[in-house]
Amino acid sequence: MLLIYTVVFSRLMRGSGLPDYGPATYTVFLCSGLLGWQLFSELLTRTTGLFSNYGNLLRRTTVPWPALLASEILVSLVSFVILACVFAIFLAILDFTLGLRIWFAIIALSLVMTFAIALGLCLSVLQVFFRDVGLALPVILQIWFWATPIVYPLSALPDGAKSLIIINPLSAPIQELQHSFMPALPGGSSPRLIGLAALAVILAWFGYRMIQRNWNAMQDEF
Amino acid sequence: MSSSPPSIVISASGLGKAYREYAHSIARLGIVLFGGSGGSLNWIFRGVDFEVAAGEAVAIVGKNGAGKSTLLRLISGMQSPTEGSVKLGGSVSSILELGIGLHPEFTGEENARQLGLIQGITAEELESIIPQVSSFSELGDYFYRPIRTYSSGMQMRLAFSVATVRRPDVLIVDEAMAVGDAYFQHKCFERIRSMRDEGTAILLVSHDPTAVRSVCTRAILLHEKRCVDDGPAADVLDHYNALLAPDVQQVHGDRPGQRSGNGRVVIESVSLSQFDAVTSTPISGGPVTLDVRLRADHPVDDLAIGILFKDRIGNDVFGTNTAHHDLKLVAHRGERLHVQWCIDQFNLGPGHYSLTLAAHAGLSHQAGNFDWWNRALTFQVTPADGPLQIGAAAMAVRVDCFRRKDGH
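Residue numbers (numbering that gives the first Met the number 0), protein chains in the order written: chain C, 0 to 221; chain E, 0 to 407.
Fair warning: there could be bad hints in the mix.
Computed list of chain E residues with no C-beta within reach of chain C, every gap over 10 Å [to be verified]:
| no. | residue |
| --- | --- |
| 1 | Gly100 |
| 2 | Ser268 |
| 3 | Gly390 |
To give an idea of the interface, some chain C residues facing chain E are shown, with a C-beta separation under 10 Å as derived from the structure [stated by the list, open to error]:
| no. | residue |
| --- | --- |
| 4 | Cys121 |
| 5 | Phe129 |
| 6 | Arg191 |
| 7 | Trp204 |
Part of the chain E face toward chain C, derived, beta carbon under 7 Å [stated by the list, open to error]:
| no. | residue |
| --- | --- |
| 8 | Gly34 |
| 9 | Ile117 |
| 10 | Thr121 |
Hints in this document: simulated from the structure, not taken from any laboratory.
Using N, Cα and C, we set each Cβ at its ideal position, and we do this for glycine too.
Isolated chain E, as found in the complex (with noise of 0.2 Å):
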């Protein structure tokens, strides 16, 4: 290992892209013929800037429609920006629509020929390149068959399988995954966070906040026309997550994104309480108490109270809400209440976890939330006295060992 940091491959600087829109076919025609600006830009983004060092996996998050895949295009190069550069240090690999690229009629090893061709990959080394594609699609005799027989998850396996096929130093993966088996998403991502271990940068688009996590240390949020969040995965997930509710009017808090809501009810404090103490430090297994705390600044008939515990990378461990235990809730305008869950069994394994509430409408929160508290309380589980375990979940174990008599 080097002990110099690692160097910038990717580099985008006030990054945008606007499409020409124009009034008139005829006033288009002219253009393209002779030349000359015309029509109206329509933005998609704007003042994209971001660097990514070797080594470093990115997601790009944000809503349907927000530019991310544009994004993408630019930095692979198949389109160019309007404004800013994209500066890339080293070989690309990018998987981007599912499907592009492949020739239906062509088998799956003269497409993996081909590709590999495109890529520069010579002659010699495809000879010993094909029959690793071959192992690691997994496509068995359909590997020798045209791709119009190809599932849409094939066709993924394929495509991944040849883009992956040798190291690049960015490495650019669309949502196309998704339509792959779980299998053979584990085996990708698998494979994703290998090259990222080994040096390659890795950009991601998805809307699976689970893969986002497992890959991604670092996350970029693209909302209405701007970057606006950048920083580290969960945190960012968190921000994209209270966009996607709707009625957001203001977005209050210490960071962007941690509290949203329109206010109708206010989460006002909480409180995680054992053995009638407040504690940030509850040890695993015990019984724990939260004390909710709302007011109401105009009448609910449908309020429901929602928490949800997540581990320190941001991964939902535990959640539930007042509405799926049958307490029906009700408030009254300027009416002020409080909520207490009683847990027996804090069945939380030893480590950092964070609570998030949320006072909602109905059985969950995209109904119209009233008030969602990112991290409204962080705490340490401790371990409790016994033998030492490990991961998220306490479970109350025993084992025993009998020596077998049927045996010999």
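Isolated chain C (complex conformation) (with noise of 0.2 Å):
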């Protein structure tokens, strides 16, 4: 796939404002923000079926949920982790370095995933509710990856849909990301940033009020 994307949209992305960093620009450019999509969607997907993927352990045993949560936040980071060491080493091989700039990209980093696992949270509450929502969310994720400059770096678009894509939460901390490989990009602006980390942490404590208010509910939906 992403020879695909590498293929395609490098020879379109050609002229769309994208600095030169040499042959493999395209590359580093997408394989970074790939790698904050996939925390991101990861993250998100398993977070929101955390409730009616555990329902056969649920119904038999009480276990407290917040267990469950820090397990699938482990094994995400774990994929995670091997992606990020793919993307190394081939950063590596070349010759890309960060140096301080990789602050930018660890908070970057861990602001998507605080709005991935706060998100998650409330679908989780709404999953066992309605189960269409686990359906509809790989439909949403594929739109949202669209709307988020990963494949294309934001100065491609028109004015009109560069507006557009900026209200997408996600855009700050994924050019953030990118940034911080090729510093002539630019960042996400810290007013969007701040205001991420600021709807983050509203949806976390909302996601946990819908829990600890649903969970009798709950208990007879497993």
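Dock chain to chain to rebuild the complex, using the hints, since each chain is given by itself in its own frame.
Put into structure tokens, the structure is as follows:
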């Protein structure tokens, strides 16, 4: 898949405002965005399925749900680390160095992570009562993926579309991630990043409240 | 043995469970998101009160959908009661629905380990427990194969073996055991009885009256969203049996469940006599006559009269009916009938028995129940002169011993 993207889009994206970092420029750009997206989509999917996937266990025993959440996060992180290692080896071969900018990447990734878990918690409760949520999620993720500047830089879009993409809360950390690999690209501005952090905190609190409030009714649905 | 009364390990007071029903899923969405109350409550049962002491075995009986499993789930803490409370005094182990908590891709051994860990068994303890699970379940090589290759009976074997490997204070068993083969069911009941005798409180849901009687001394009957009976297992099972018969309009008699039926034909009296005298202590093996007197309040053209002897704990000992004896009974309105059963050899062993009578349509009482009378008569069979015997059957026995000449 990566190959298709690279071959097709590196041609398409020529002259789209992507700065020149040698022949592998597009591949590095694509991978940096995909790294964040992969973390987001896996965490969101796993957290959303928290109660429905473990229904079998929850019907039999009284397991505290934070334990389940922790295990899902760990599994997501393991697959993320594997992906990151492959990317790191690739970067090392290309002689790409991040230096201190790695901290921007880490901040961006932790923002992505928090947002995914927070949103997932809210959806996980809905998923228990409305099983359609789990079915709709892959479709929504597909649309969301293309609405995030991952395969294309924001500069490739006309102005009208740009403002639309900026509304997408995920754009800021993904841009920040790309910026940490290619400093010539614009990062996600601080207000947008702080806004996303605030949104994540609110969603996490709301999701937690939802679980607390609906726990009895949820037990009946397991 | 301590002399103090056994402690109460399960105490349910005012227990009720309701599911919320919403007219619209939009309404439900609002409540899930922002809280508040809405929708209508659909009660499964309400006001269930009971206490179970250590070492007591209680059966929960009721029709399908009466809320038996829901009650067990409330007690085991998998669901929360809508009203009332459950107090537990000790560890709980439960065997609820089949296959719940088993991971299909893992082997029996791995599943047993996981379930053990979830139950709070330490890793060292597991090492000694796993061989016990393996030997009790008798799964052989299958113990080391994935669960998805198991039959439902094998899954039950594994689940039961894990749940009972340590003696809990409370053991909760749902109908799951019904899928096991006769050999393993027997083994399960053996283990349940031994746990009960060591002081575990047992809660059992089963539709098999023999199973209930063999384990439980007490039963609770759930019917029409209430707990309608709580008492000795044999009595409650009779009550339940009466509820199962269709077309029941009135329940009369000394205690609930003793008498039921639609009253189209009424059994007026019954007497048991031996040697031309009415008796309540017939002699084992002698001739006995049963005289049943009935009154038909409505015309009935396929009447059958059934008799059923039960032993002290309620097991069926002998039963038959007039339809099986090719006696066609037709009753006109207001007619009185006298049905006489002659039993040449009353081959019941010494002990206490009861007689249940039924007037019904066709071959069995499920077709139409006119009058069903549990324990219409109780009597004690006294031993005949002769060798001592025990048990419900009295057999004519001769025993000899022959010296073997072909030996050595």
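Going through the hints against the structure:
no.	hint	verdict
1	Gly100	violated, 4 Å
2	Ser268	holds, 52 Å
3	Gly390	holds, 42 Å
4	Cys121	holds, 8 Å
5	Phe129	holds, 7 Å
6	Arg191	violated, 26 Å
7	Trp204	violated, 13 Å
8	Gly34	holds, 5 Å
9	Ile117	holds, 5 Å
10	Thr121	violated, 17 Å
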